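Sequence order for the protein chains is A and B.
Numbered continuously in UniProt numbering, the first sequence closes out at residue 379.
Numbered continuously in UniProt numbering, the second sequence closes out at residue 379.
None of these hints come from the bench; they were simulated from the model.
Just so you know, not all the hints are guaranteed correct.
Because identical chains cannot be distinguished in the list, a pair is counted as satisfied if it fits within a single copy or across any two copies.
[Said to hold, decoys possible] Subject to a maximum C-alpha distance of 20 Å in a straight line, what follows is the list of computed SDA-like cross-link-like pairs (lysine to any residue):
#	residue 1	residue 2
1	K44	L61
2	K44	E341
3	K44	R21
4	K44	S362
5	K44	R19
6	K44	I374
7	K44	E163
8	K44	Y65
9	K44	G371
Model, not experiment: these values are computed from the prediction.
There are 2 protein chains.
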Amino acid sequence: MSDRSIVREPHEVLVAGRRARVGGTVRIVGAGLLGSSIGHALRKNGVDVALTDTSPAQLRLAVDYGAGRPAAEDDAPAIVVVCTPPDVVADAVAAELTRFPEAVVTDVASVKLEPLRELRDRGLNLANYIGSHPMAGRERGGAISARADIFTGRPWVICRDGETPAAALALIEDLALDLGAVPIEMTPEEHDRSVALVSHVPQVVASLLAARFADAPELSLSLAGQGVRDTTRIAASAPELWVQILAANAAPVVEQLDALAADLGAVADALRSPDAPGARRRTADAIRQGNIGVERLPGKHGQRRTFENFVVMVDDAAGQLGRLFGDLGELSVNVEDFRLEHSPGAQLGLAEVSVDPATLQSAVDGLTARGWRIASTSD
Amino acid sequence: MSDRSIVREPHEVLVAGRRARVGGTVRIVGAGLLGSSIGHALRKNGVDVALTDTSPAQLRLAVDYGAGRPAAEDDAPAIVVVCTPPDVVADAVAAELTRFPEAVVTDVASVKLEPLRELRDRGLNLANYIGSHPMAGRERGGAISARADIFTGRPWVICRDGETPAAALALIEDLALDLGAVPIEMTPEEHDRSVALVSHVPQVVASLLAARFADAPELSLSLAGQGVRDTTRIAASAPELWVQILAANAAPVVEQLDALAADLGAVADALRSPDAPGARRRTADAIRQGNIGVERLPGKHGQRRTFENFVVMVDDAAGQLGRLFGDLGELSVNVEDFRLEHSPGAQLGLAEVSVDPATLQSAVDGLTARGWRIASTSD
């Protein structure tokens with residue numbers, strides 16, 4: 001690998017010098033996007049990966065792409081990772097616990113309580129079951145889209161309660177760390193409430209907001225700016241997948257949707273009666289609480305460092321953005337963040353570049369000297 | 001200007017060869033961000049700009065920065081642009097119409113009906129008043145942040161109804177075009193409903209969604225990904241400004257908030273009773289309508305071109321992003337769009353680069369040869 005290789009191997013990312021710990025055979029049930037990606041990542045660490053899938057074609061693809069070998073009758077896996085569609089997770093976990101009583105079985109479903117309840121209802125011994133949720137950020141694509149790196153730096157939730165055996169927990173933590181993920185332990189209840197808060201309810205909200213554009217006049221939509229495009233970006237998600245997720249996590253989602261609907265109603269009431277005592281203050285408080293909340297979201301490095309921005313105007317004609325990148329590179333501008341905003345109806349892009357405040361002026365001066373038009377700088 | 005200057009002069013952006021038409025004196029009332037920016041842009045076109053402001057300090061700053069000259073007693077402006085805070089717009093417009101009966105008076109307030117109603121209530125002749133709303137995207141900063149280019153490529157709404165005199169309308173259209181903006185004509189009612197739809201209601205929604213993070217456990221927030229960060233980005237907006245805007249546009253905002261709250265309730269009900277007939281379909285329809293709506297939002301160039309993406313992994317250690325930019329520039333990769341996503345808790349950034357499908361492979365090959373790790377490509 002050339003010395004320009006920037007990103008370390010997955011298992012080195014988080015803990016310098018840490019060596020992969022998971023060994024022996026890992027059996028993966030379901031060779032789609034997540035299962036195949038786990039296979040790829042484990043194989044890079046020299047682990048023996050045994051794949052199985054109800055679709056012979058999917059299995060063949062996954063094996064051909066190098067995610068692992070077909071599972072064999074005499075396999076004795078230490079870990080089983082169930083990566084089936086959500087509606088059959090409980091069945092698959094139950095089958096694997098029964099078939100491999102020595103193995104620790106985990107899964108990757110995006111809700112944790114429902115599969116756990118189903119398993120408890122069957123009266124199984126669940127000492128060897130630990131629910132996982134790797135939040136890899138991509139849910140579609142199948143074996144062809146699988147990559148070893150999709151877990152790197154991502155949260156990997158491991159569900160435990162007061163009775164989870166320590167050895168089994170350690171094994172799944174090692175799995176997550178070996179894949180370059182960030183293990184985060186919580187109870188299944190905490191997990192489901194958390195994903196409702198930061199993923200499921202935002203999805204519903206973005207979708208319903210965007211749904212109002214479906215029949216809106218084109219003239220109205222022509223006034224849309226980057227703000228609403230960002231707010232509704234995730235409304236492009238797949239309906240079938242989300243119906244399953246929302247149904248499986250209904251309780252916390254419903255609770256939070258009810259609360260949000262009430263908040264919307266409170267703001268509407270305050271605006272309906274602007275002269276009522278406290279009406280203006282209620283609206284201001286809503287915005288203010290939003291300021292606080294958005295500040296609490298983890299950003300870069302999980303820290304909140306202060307950057308300064310400047311905005312460069314980029315003619316979207318071919319090559320201009322590349323030229324900007326070239327100049328930023330040549331000027332050695334330490335770009336901390338970069339956001340590109342397009343202007344509907346014109347060839348103009350606005351590139352918001354975030355840098356260390358101490359370097360703002362030299363970056364702006366350097367780009368200006370090269371002919372770039374700076375639209376604005378933060379104060 | 002060096003030949004690296006990429007962006008054409010404002011008045012050339014949209015109509016090649018079009019020469020600026022507004023001449024004579026333009027009087028600007030209120031020399032804050034918008035007023036000063038209009039001044040700067042007009043001065044680049046050689047227009048005589050006369051500034052006034054209730055704050056002598058703001059006026060002095062604006063004049064010093066080159067936005068125009070102080071207004072004089074014997075000025076005879078053809079156009080007056082009122083750029084005061086929203087609560088005094090009607091007063092200012094009334095005063096200017098009275099003082100300069102030959103001039104066309106426009107304003108830049110972000111809601112159009114309320115000032116118009118106040119003016120009608122005073123029984124004035126409004127033949128020379130045309131409401132404007134330049135959607136410049138930045139609302140804070142004062143004269144120091146003013147730039148000539150902030151209107152380039154942006155929508156500039158011009159309010160007209162069946163009785164608007166054609167000559168006055170043409171003058172304000174010329175003003176918008178001279179500033180490089182995209183004039184969009186609609187009635188004040190259409191305007192207020194439109195900005196409620198694409199700006200005001202999304203603001204309330206993003207703020208209320210983010211408000212739920214204000215008291216949430218940090219562990220829950222640690223699961224947040226780029227999706228919810230984008231959805232709540234605009235929740236960082238200023239409360240005081242938004243209380244004014246929402247109060248001034250209360251009617252359409254309330255109507256749309258009520259409808260949205262009802263939609264949230266309908267999804268919550270469907271999830272509460274998942275076995276009720278049509279419940280699953282109702283949830284799927286909500287997501288599907290969101291797909292349709294978000295597709296209708298204008299994007300780059302107002303067209304929907306098909307790009308392919310690939311994702312490059314960037315170690316956030318200093319300089320890596322700049323190196324990526326440098327390599328993209330050196331490889332002459334025609335970058336159509338660029339989005340940077342950070343991984344909370346780790347030093348990893350994921351840069352999603354959009355290119356013409358025909359160039360995807362060579363871009364990926366070129367970067368890989370330079371040691372970059374490609375996390376994924378779109379299918």
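Status of each hint after checking the structure:
Only within a single protomer do K44 and L61 lie at most 20 Å apart by alpha-carbon distance; the minimum there is 18 Å, versus 62 Å between protomers. Within a single copy, K44 and E341 get their C-alpha atoms no closer than 38 Å, and across copies no closer than 25 Å, so neither meets the 20 Å cut-off. Taking the closest pair of Cα atoms, K44 and R21 come within 20 Å of each other only inside a single copy of the chain (13 Å); across copies the shortest separation is 66 Å, beyond that limit. Taking the shortest Cα distances, K44 and S362 never come within 20 Å of each other, neither inside one copy (42 Å) nor across copies (25 Å).
In the homo-oligomer, the alpha carbons of K44 and R19 lie at most 20 Å apart inside one protomer (12 Å), although the nearest pairing across protomers, at 62 Å, exceeds that limit. In this assembly of identical chains, K44 and I374 lie within 20 Å of each other by CA distance solely across copies; the values are 15 Å between and 45 Å within a copy. Taking identical chains as interchangeable, the C-alpha atoms of K44 and E163 are never at most 20 Å apart, the minima being 33 Å within one chain and 73 Å between chains. In the homo-oligomer, the alpha carbons of K44 and Y65 lie at most 20 Å apart inside one protomer (13 Å), although the nearest pairing across protomers, at 59 Å, exceeds that limit.
Proximity of K44 and G371 under a CA criterion of 20 Å is satisfied inter-copy only: 17 Å between copies versus 46 Å inside one chain copy.
When the structure is compared with the earlier hints, violations turn up for hints 2, 4 and 7 and for no others.
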